[in-house]
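Asks: Here are the chains, one letter per residue:
4 protein chains.
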Amino acid sequence: MFGIWGHNSAAEITYYGLHALQHRGQDGAGIATTNGTELNIHKGMGLLNDVFERAEFSKLPGHAAIGHVRYPSGGEGSINDVQPFLFRSQSENVAIAHDGAIMNKNELRTELESQGSILQTSADPEILAHLMKQKGRKVSRDTIIEALRKIVGAYAFLIMTDDKLYAALGSRGIRPLSIGKLKDSYVVASETCAFDIIGAKFEREVMPGELVEISDEGIKSTRFALREQRALCAMEYVYLSRPDSDLNHVNVHASRKRMGIELAKEAPIEADVVTGVPDSSISAAIGYAEESGLPYEIGIIKNRYIGRTFIQPTQELREQGVKMKLSPVRGIVEGKRVVMIDDSIVRGTTSRRIVRMLKEAGAKEVHVRIASPLITDPCYYGVDMSTKEELIAANHTLEEIGQIIEADSIAFLSVDGLEQAIVKDKTINQGICNACMTGKYPVTYNHVTETASK
Amino acid sequence: MFGIWGHNSAAEITYYGLHALQHRGQDGAGIATTNGTELNIHKGMGLLNDVFERAEFSKLPGHAAIGHVRYPSGGEGSINDVQPFLFRSQSENVAIAHDGAIMNKNELRTELESQGSILQTSADPEILAHLMKQKGRKVSRDTIIEALRKIVGAYAFLIMTDDKLYAALGSRGIRPLSIGKLKDSYVVASETCAFDIIGAKFEREVMPGELVEISDEGIKSTRFALREQRALCAMEYVYLSRPDSDLNHVNVHASRKRMGIELAKEAPIEADVVTGVPDSSISAAIGYAEESGLPYEIGIIKNRYIGRTFIQPTQELREQGVKMKLSPVRGIVEGKRVVMIDDSIVRGTTSRRIVRMLKEAGAKEVHVRIASPLITDPCYYGVDMSTKEELIAANHTLEEIGQIIEADSIAFLSVDGLEQAIVKDKTINQGICNACMTGKYPVTYNHVTETASK
Amino acid sequence: MFGIWGHNSAAEITYYGLHALQHRGQDGAGIATTNGTELNIHKGMGLLNDVFERAEFSKLPGHAAIGHVRYPSGGEGSINDVQPFLFRSQSENVAIAHDGAIMNKNELRTELESQGSILQTSADPEILAHLMKQKGRKVSRDTIIEALRKIVGAYAFLIMTDDKLYAALGSRGIRPLSIGKLKDSYVVASETCAFDIIGAKFEREVMPGELVEISDEGIKSTRFALREQRALCAMEYVYLSRPDSDLNHVNVHASRKRMGIELAKEAPIEADVVTGVPDSSISAAIGYAEESGLPYEIGIIKNRYIGRTFIQPTQELREQGVKMKLSPVRGIVEGKRVVMIDDSIVRGTTSRRIVRMLKEAGAKEVHVRIASPLITDPCYYGVDMSTKEELIAANHTLEEIGQIIEADSIAFLSVDGLEQAIVKDKTINQGICNACMTGKYPVTYNHVTETASK
Amino acid sequence: MFGIWGHNSAAEITYYGLHALQHRGQDGAGIATTNGTELNIHKGMGLLNDVFERAEFSKLPGHAAIGHVRYPSGGEGSINDVQPFLFRSQSENVAIAHDGAIMNKNELRTELESQGSILQTSADPEILAHLMKQKGRKVSRDTIIEALRKIVGAYAFLIMTDDKLYAALGSRGIRPLSIGKLKDSYVVASETCAFDIIGAKFEREVMPGELVEISDEGIKSTRFALREQRALCAMEYVYLSRPDSDLNHVNVHASRKRMGIELAKEAPIEADVVTGVPDSSISAAIGYAEESGLPYEIGIIKNRYIGRTFIQPTQELREQGVKMKLSPVRGIVEGKRVVMIDDSIVRGTTSRRIVRMLKEAGAKEVHVRIASPLITDPCYYGVDMSTKEELIAANHTLEEIGQIIEADSIAFLSVDGLEQAIVKDKTINQGICNACMTGKYPVTYNHVTETASK
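Residue numbers (the UniProt record's numbering), protein chains in the order written: chain A, 1 to 454; chain B, 1 to 454; chain C, 1 to 454; chain D, 1 to 454.
Read the hints as simulated data drawn from the structure, not as lab findings.
Certain hints may be false.
The list cannot tell twin chains apart, which means a pair is met if one copy fits it or any two copies do.
In silico BS3-like pairs for lysine-lysine, Cα to Cα no more than 30 Å straight-line [claimed, not checked]:
(1) LYS164 <-> LYS424
(2) LYS325 <-> LYS302
(3) LYS181 <-> LYS43
(4) LYS105 <-> LYS135
(5) LYS43 <-> LYS325
(6) LYS424 <-> LYS302
(7) LYS138 <-> LYS150
(8) LYS336 <-> LYS424
(9) LYS59 <-> LYS43
(10) LYS220 <-> LYS265
(11) LYS336 <-> LYS164
(12) LYS302 <-> LYS181
(13) LYS183 <-> LYS336
(14) LYS138 <-> LYS164
(15) LYS138 <-> LYS105
(16) LYS201 <-> LYS359
(17) LYS105 <-> LYS43
All chains should be modelled from the sequences, with the hints used to inform the complete structure.
Replies: What follows is the structure in structure tokens.
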């Protein structure tokens, strides 16, 4: 998500901001702008580059914009699910983008439909729109807050009307959301890497339970929930965010390198070479190598040109040794004892494939070191992970996992180690959500998390 | 370039092989196959993924194939320039792919046209085809050798007929070309990374002046030129090849790391952090950091999603600070003395942009260290570099270059340092071509290199 | 519009039915199907052929379907305007297609929004959906009738729920809508040509003010408005419908031929040859020729291959004589006195272009005969015509029109002549709407038609 | 084919000229232009509208152009077969377009390849190019004539060099080719309808065995073969050409109407209504109706929107009565005795389908009247017809044909009747080729027509 208020080229700036955030969603992209009287939008399926051409910008005039790149969160995905969502009425226009998950979505939908509301999709922005506009009211700070208080979940919303841009973060701040300044304009983004690409400066984090209101009169802040301990999603640091982003004042690459360093302290091993699974494990691998004194080498390489249209090898060719996304570097691993650093293990199938690949390329030993703890519980906050049944760590001991993925040894970073690698300064509310590793959910909603806690 | 003989899924294997070679050319791609009686081909503009869909494979039957990814070597580029080239006649079919440059192309063309030949393009494969088939002869080892002896230049050819696959390398071996084995099949590729992706094993290099003939009867070798010192293009190691490839028995990543190590020895500097310009300078940066004892960090990041359809920022937005391909990581470089490692400097414009970008992001000092020597002379062997007028090192002193790119200090790796980093074992003919750094051209042709030597 | 209930291949049949109706709208197309529990839809911009591929049908399972081809009724047109519209709620699914115009749209929208409804578009089907589902009620005969009674306008609706297909026609029957039978299935279509293409037999017209309910239990009829004189749009006969359709028991080609015959009686002229402006005036031209005894010849030809992507000639080339859609046949018209039959004149610009074209091709005289009366008033019922300011006949005398279009003589069919050509049997309620020729509007709504009557 | 010399907007004019000729080939299209020093070309698969966008014209500068629309003459068809063909050499550029067939193609190819020529395709223009440029000569009147004398067949060539446009017609003038004038420019086209669309005036026919040379110095004519009786393809009149074209001074629509009149005289029948199979039989049907005194009605309608991407109905749906291209008009044919006029019968399958369709729609009797003679022999001159085995009239008596197509009666126009309908003025060399109806081939080549004559 990206938003800007007060810039002549709002749509273009948003395009570049979304480019920096493209890793957060490759399924669809959209930008909505306002010039004070009318909202315009352009959106489509696919990468930003597939959706936008220069000509689009002339159809997106205005001094303010919000944009979104879509992560496929289940279902087939269609243009109808691509955000932002636009709601035009005779009296006003509203655009909404969302990152996160509403846990009581079904209950809210039932209530709205029983009152005669027609919901065109099951998407979160539409739920929020109907809640805000109940009884024909216009969107304002008050109607937004009233609506947000009905919503249970982990969320970050951008809401743009004809004359204001609102940014709202859920009560525990599970989703990331930062504010920056670009000369006289305010920008809002999921990650600070979007500020660097456009030349903006980081200003501050949106706080848990805060509604920020940006307009030509500047910025106003309202708190709609009690001040609570921040619980920023740990997986953002582990693999979701870009290494160059700062999340809640912590640089992601640096945190990953520290995860590698902690891991080397917790689980050292005698070996010849350290290698990381590209791309997100490279920082941790460099950290592990640095701490362990072993050389860091490129033992696994990622094919950069595998896109949407890549033709998957047939089962037969895969068995004959044809690789897809990753391939081993025989010249590096042949005859060597390899420490293979990965950022996390969800189902274990990818890890086993990589271990086998390294051995087939001649590695003598493969020692798997995972730079995050065992994932034992599902996420209800919008991060697409597997169900409990599919999570290897929810159903197997550490020893079994090592056997399943065929590693010569295996170790995971401890929960404490992870926290140490990330949280540097508790005075600025730097807590993380590690529910998927501990089962301790910071936000709960009866039927959803009850099931989970069993 | 990639070729295979003796595999049921020749077209698919070639597709995966070309995937590993995609970095060598993104402008066009093609695959030709033979089933012994007829040649089929599919080619198109753009990336391999844009050109091929699964359905294509069923139209490319056969047990042998050659494929090519095209690098835009001047001109607009059209489908007519995409290789392989196919030549069907009533008596036989021939497909040809080429990597390199024919220096006496104009003279050969004049001669052919004066005999009534019609050339549809000015592409090298067509020149070779006409030379081979003069007077209506069929393609054979003899006609190929006769044709190659008329050609002056740096070249690697793959020639596929109904019953044979030929691989030919120019007299000094300037272009890379390796042979591998995939079970009972032979494969030929520009880089060994294409072997790793398909599970093949490296067998040997094609030698300078060697014509290799692969058929159902196995492999035969003929030498068509005197044995000479190998002069493999140094820029393949510096930035052209993939880090996981072995060229002439030397791993590219390892050679780059050694370039960084040599550079740290030759040109140390007091600083806080070492960073590399992605992607090709990362290995050298890690080497420099290792040797110098400074920490390696991600100070510059590359936007992965910039493709053919990316919208370039307007001049106005660029001036306001919007970045395109690369952006700085403010959290890493702010207030720091940064060693910025790049693989080479051609015109200097990119380097200046990066130095400025780092300073705008708060770097206190930027020390530029280039992991290859000054490029002072043009390449006539098919590597697309600038003309002498455009080469910054051909027209400026080292000091001037430092000023132009606004670096606080600057240093280049020495020619000796480069050779030490690459050549490890002269007994296996590991010489390199460094003509673009020294003006010593291993292959010359009157009007072409005479101009150069002035 | 096309609908079917009770057929295994409902989507395919609808595709072919819509093909026969493609002339009614080339801007967009869509088909929705139900299998009793879920509704599926596929729609897109452009011609049916552009929107549908065979694979789509497998995603449109079910025994019932409704489809629509869209005529661009103002605005740019976007995928959001393409029908049918789908409304999914937790309790039921509804699909709606519409032909016509709701005259009190703004008033209904204001009322709905003041109650908290969010309308995503300004399209008629969405107004109907909200009216039907007010207070969270399910769609049924009663809720449909209650909603229709709030709507003022000329309309034909198809409404498909999980278990029923409804067809509704406005109180005066201004829009065409017929029922057919295909073995055991019921089909509904705007024109009977859609029955011929699929091999169905015409059953009966939907009557003014009738709601037809089709389900597995057969067909039920409810009258929601008083029985009134039918006022079927005369322009459907004049040029909108396909010549092979029967509208309200009158064949369109035959009615056009009679218009030509009546016109020859009312306005004979001494001439050498009769020609028609393709395509819709050919039938009238043949009628005129038959009655007048003059030979019918092809004096004007239409370029069949002018589609969406046709490049319009520049002004300069047009002045040099380059034709676009129509060109004259010099061999036929050179030196002749030509009777040029056209179906109607709206603004007069096209007519003038054709007259000039014929003269430039050598016609000695051009006598314009129009097979319908002068159009003096705008249409408020969904037929896209010009505003009163643009209608040539609203602002000029017959003599002036003749001068403006540069005809040697001009005549229009009389209002009586038109009625005689169309209405053959008043016992079956065969009245027509000729409001655009007489200003007598069969359905009125205060602010809309008051303006008109001035 | 279309060509122009001496016009600023040569490419655009050619685009519009080709539009008028689009019915002659929908498989591919191309335009080549010259500005005196360089040739440019743009071509592609599909309709003209698919291939050209306005931007293309700026890449096609020059005062002269030739263009071509491709009819799929066997084979899959690929971009390589689309004309014009371009041949660039160091000394000159040549573009060639062709309509017709070279009968001794294989022999010429063998001869050329034995001399070392490489032919990239098996297309006629390439044969001509190699013949013209043998021994490295430049293209001139002399080399063209020398080449044409080696070619046996029916052909019309357009040859454009840097400074001249040549038009050549085979010795009997089997293919149509006319010259027109557009102000100071000369234009050449297969049919005169291309002149009408651009506002040009017909000047004269290219004569059999004539080579016309157009340049800035005007027009020159050379005869390269003895003057012989013209034998213009009769099928051009029967169905290939557009009704508004004049071929060899005879209007096509008028000739078709006369075919209908002759047919009515030769084969009258008692019936209620005359209808034609759209589009090419409408003129003949009007003629038949006029002569017989029966009313002409629209009993069969053609779906205008069936293009390349139309989804063919499944066998099952076809059996259920779903129509594809043509549908019957039940309101017209039900209970009637119908005379169905068609232009020709090749295999008979289409005719049977239409007869059945009319009967299923309620026709009491269907009397088939064909406005051309029985087709008994294959065409070797480039018109795509069936082989002798497939021609219904080559293998069945008239009576059998009637039974096969299930007609109540059947009659064909006589060979004499056809000639009378077409040839009006023998003093201007108006002979036709009716080889496919009589087996009398005007141009013969040993192995080809010997087989035929058996």
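Asks: With 30 Å as the alpha-carbon cut-off, assign the pair LYS59 and LYS43 to within, between, both or neither.
Replies: Result: close both inside a copy and across copies, 12 Å intra and 24 Å inter.
Asks: Cα distance capped at 30 Å. Does LYS43 pair with LYS325 within a copy, between copies, both, or neither?
Replies: Classified as both; 29 Å inside a copy, 23 Å across copies.
Asks: Please sort LYS201 with LYS359 into within, between, both or neither, judging by C-alpha distance up to 30 Å.
Replies: between (46 Å within a copy, 14 Å between copies)
Asks: With identical chains, the pair LYS183 and LYS336 could be close in the same copy or across copies; at 30 Å between alpha carbons, which is it: within, between, both, or neither?
Replies: between (53 Å within a copy, 24 Å between copies)
Asks: Taking 30 Å as the upper bound on the Cα-Cα distance, should LYS336 and LYS164 be classified as within, between, both, or neither?
Replies: neither (60 Å within a copy, 38 Å between copies)
Asks: Taking 30 Å as the upper bound on the Cα-Cα distance, should LYS138 and LYS105 be classified as within, between, both, or neither?
Replies: both (22 Å within a copy, 21 Å between copies)
Asks: Classify it for me, LYS105 with LYS43: is the Cα-Cα distance of at most 30 Å met within a copy, between copies, both or neither?
Replies: Result: close both inside a copy and across copies, 24 Å intra and 28 Å inter.
Asks: Should LYS164 paired with LYS424 be assigned to within, between, both, or neither, using CA atoms and 30 Å as the limit?
Replies: neither (35 Å within a copy, 63 Å between copies)
Asks: For LYS220 and LYS265, with the copy left unspecified, which applies at a CA distance of at most 30 Å: within, between, both, or neither?
Replies: neither (46 Å within a copy, 55 Å between copies)
Asks: For the identical chains here, do LYS138 and LYS150 meet the 30 Å Cα criterion within one copy, between copies, both, or neither?
Replies: Both: 18 Å inside a chain and 26 Å across chains, each within 30 Å.
Asks: Treating 30 Å as the Cα threshold, decide for LYS181 and LYS43: within, between, both or neither.
Replies: within (26 Å within a copy, 42 Å between copies)
Asks: Taking 30 Å as the upper bound on the Cα-Cα distance, should LYS325 and LYS302 be classified as within, between, both, or neither?
Replies: both (6 Å within a copy, 19 Å between copies)
Taken one by one, the earlier hints fail for this structure at numbers 1, 10 and 11, listed in ascending order.
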